[in-house]
Amino acid sequence: MLVLPILVPLTAAAVLMLAPKRAAPQRWISLAGSVLLLASAVLVFLRVNEAGVQVLQISRWPAPFGITLVADLLAAVLVVAVGVVGTAISVVAFSGVDPRREAFGYHSLLQILLMGVGGAFLTGDFFNLYVWFEVMLVASFVLMALNRTRAQMDAAFKYVTINLIASSIFLTALGLLYGATGTLNMAELARVWPTISTSGVDTVLAVLFLIAFSIKAGLFPLFFWLPASYHTPPAAIGAAFAGLLTKVGVYALIRVFTLLFHSASPALFALLLAMSAATMVIGLVASLNERDFRRVLSFNLVGHIGYITASLSLFTPAALAAAIFYVLHHIVVITNLYLVSGVLLRLRRTTDMAGLGGMYRDQPLFSALAMVPIFSLAGVPPLSGFLGKLAILEGAFAAKAYWTGGLVLMVGLLTLLSMGRTWAASFWGPGAEARDLAAPGTPYLVAIAALSLVTMAMTIGAGPLFELTSRAAQQLLQRDEYVRAVLEGTR
Amino acid sequence: MEALLALASGVLYAAGIYLMLRRRLAQLIIGLGLLSNGTNLLIVTAGGLTRARPPVVPEGAATLVQPYADPVPQALVLTAIVIGFGLTAFSLVLAHRVHTTAGTDDIDDVGRER
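Just so you know, the protein sequences line up as chains A and B, in that order.
Numbering-wise, the first sequence is residues 44 to 534 according to our numbering.
Numbering-wise, the second sequence is residues 6 to 119 according to our numbering.
The set of hints was computed from the structure by calculation and includes no laboratory data.
Yeah, the Cβ is synthetic: ideal placement off N, Cα and C, and Gly gets one too.
Any given hint could turn out to be false.
[Claimed, not checked] To give an idea of the chain A side of the interface with chain B (calculated C-beta under 7 angstroms), a few residues: (1) Ala188; (2) Val203; (3) Leu219; (4) Gly472.
With these hints in hand, go ahead and build the complete structure from the sequences.
Listed below in C-alpha cells is the structure:
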C-alpha cells in the first residue's frame, strides 16, 4: 500500500505519454491521476494514524540492505499535501495550458514531479532520497525550460545550475557517510550515528547535509536562486514548485536533524537558527521592495521557510509540532497564492502591481476567494497563518528563546505589511486604466476556492490538526518507533 | 592508492568549481561534469578500495572471506554516473536553447533584454 503514492503518478505519467496528445484526454487523465494520488495518500495516512509507522521492504529484502519505504506521521501527512496540491494543479490545467507545453508532455511531467516529491517523503534510505531528488528535479527542469523568452531561459539555467551543485554536495555527503558508517539506510544510520560522533566526521557530514538541503529549501545565504527563477514559469507550474519543492528540502532537514543530529553540538543548531533568522528578515524585507506580485510571493516563500527551520532549530516537541503545522499551512497557502497570480496574469497579462488594482471592484468573487490565502499568509487572526505563527511563538517562548520569539513577531509584522501592501495595490487600489482582458476562468476559481476551503478547514480544525502534528513531532523525537519499525520490518 | 584517488577527486572538485565560476555556458557545463565525476570518484574511494577481490563466495566456503570489494559503493556510483550523464545531456540541450534564444553564451548577458 505504501508504494501507491509513487505507483499512481508513475502509471498516470506512462498513460499520459501514450495517450493522444490532445488537450481533453491529457487533462482528464492527469486529473484522474492526481485524485487517485490524493486518495492513496489519504489511505496511507489513515493507516499510519491508526497503526503507527508503516514500512515496506521492496521485494522483502531485509532492512539495511534493500530499498525501504517508510511512512511515519510526518511523511504521511506531507504526501496528503502532495495529493492536494497535485489535484489543484490538475484542475487549473482545464482553463488552458500553453498548447506547445501540453504537446511536449506537460501533464506527464507534472505527474513525474508529484511522484518524485512523494518518493522523497516516503523513502527510508538516503541514497534513494538522492534519486528521488533527481527525479523531481529533472521533471522540474523540463517544466521550467519549456520556455521562450530570454528572462525565462536565464531563470531556468540558474535554477538548473544551483540544483545540480546542491545535488553534488548531497552526493558527496552520501559518499563520505557510506565510507564512515557502511550504510545509507536512515533507521540503521540513526542507530550507528553515535559511533562516529567521536571522529569529527559527523560535523563535516552535518555541514554538508545542511548546505545541500538549505539550497533546496531556500535558506540564507543560499536562497538567491529562488526569487530569480520562480516568477518566470507559468503560474500553475510556479504553484507546484513553490508549494512542494522547497518543502522537500525542509522535510529533509527535519529528517536528518531529528534522526541523526539530535545530539550534535549546539553550534549546529545555532547555525541553523542564524541562517533561519537571516532568511526570515532578508526575505520579508526584500519582499517589501518588490513591485511584482509574483516576486513578492517568491520572497514571502523564502522568508516563511525561515519560520519553519527556526522552529526546527529550537528542537522542542512544541516547536517541532508548530513547524510541521506551519509546513502544512504554507504548502496550501503559497500554492493558492501562485494560482491567484495566475488569475491576475489571465486578467491583466501582468503581475506588476502597476498594472493591477481595482480587482475588488471588477472581480468581487475572485477577490473574496483570494482574500483567504493572502490574509492567511499575512497572519491575520483567526486564519491558519496566525495560528501557525502563534504556535511557533509559543514554542520559542516555552524554549526560552526570547530573541527568536521577538524576531518571529517582528517578521510577522513585516509579513503583514508585505501582504497588506500587495492586497491594497492589487485589489483595493484605484486600479490602472487597464480593463480585464479575459474572464478569470472557472477551473482557476474552483481550485482557488478548494484550497481556500482547505485553509479554512485547517483554521477551524486547528485543534485536531495540532494534536496530529504534536504526535508527529513526538514520533520524530522519540525515533525508537521509526527505527524499530524499519529494522524489524514486519512486512 | 587512496591518497592518489583522494587527490584526483580534490583536483576534479577544484577544477569543476573554477570552471563554474566562469561566464561561458560551455565552461559551466564542463565544470558541472567535472564536479559530478569528482563526487563519483570520492564515493568509490570513501567506500574502500580492495583490489582484485570480487565479492564472490569462494568454492568450498559458506560465506565471503575478508577482504573483499564492497559492491554497494559500486552500485551507488553506477547510479550516480547514469544520473550525472542524463543531467549533463539535459544541460547541454538547455545551453543550446539558451544560445539560440539569447544569441549569447555569456551567462550575465542571457537575462538582459537588448
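Outcome of the hint check:
1. Restraint check, Ala188(A) versus chain B: the minimum CB separation of about 5 angstroms is within 7 angstroms; hint holds.
2. About 6 angstroms separates the beta-carbon of Val203(A) from the nearest beta-carbon of chain B, less than 7 angstroms, and the hint is met.
3. Taken as an interface hint, Leu219(A) checks out: its beta carbon lies about 5 angstroms from the nearest beta carbon of chain B, inside 7 angstroms.
4. Annotation: Gly472(A) was flagged as interfacial toward chain B, and the flag is violated, the nearest CB pair being 28 angstroms apart, outside 7 angstroms.
Comparing the model with each earlier hint shows a violation of hint 4 alone; every other hint is respected.
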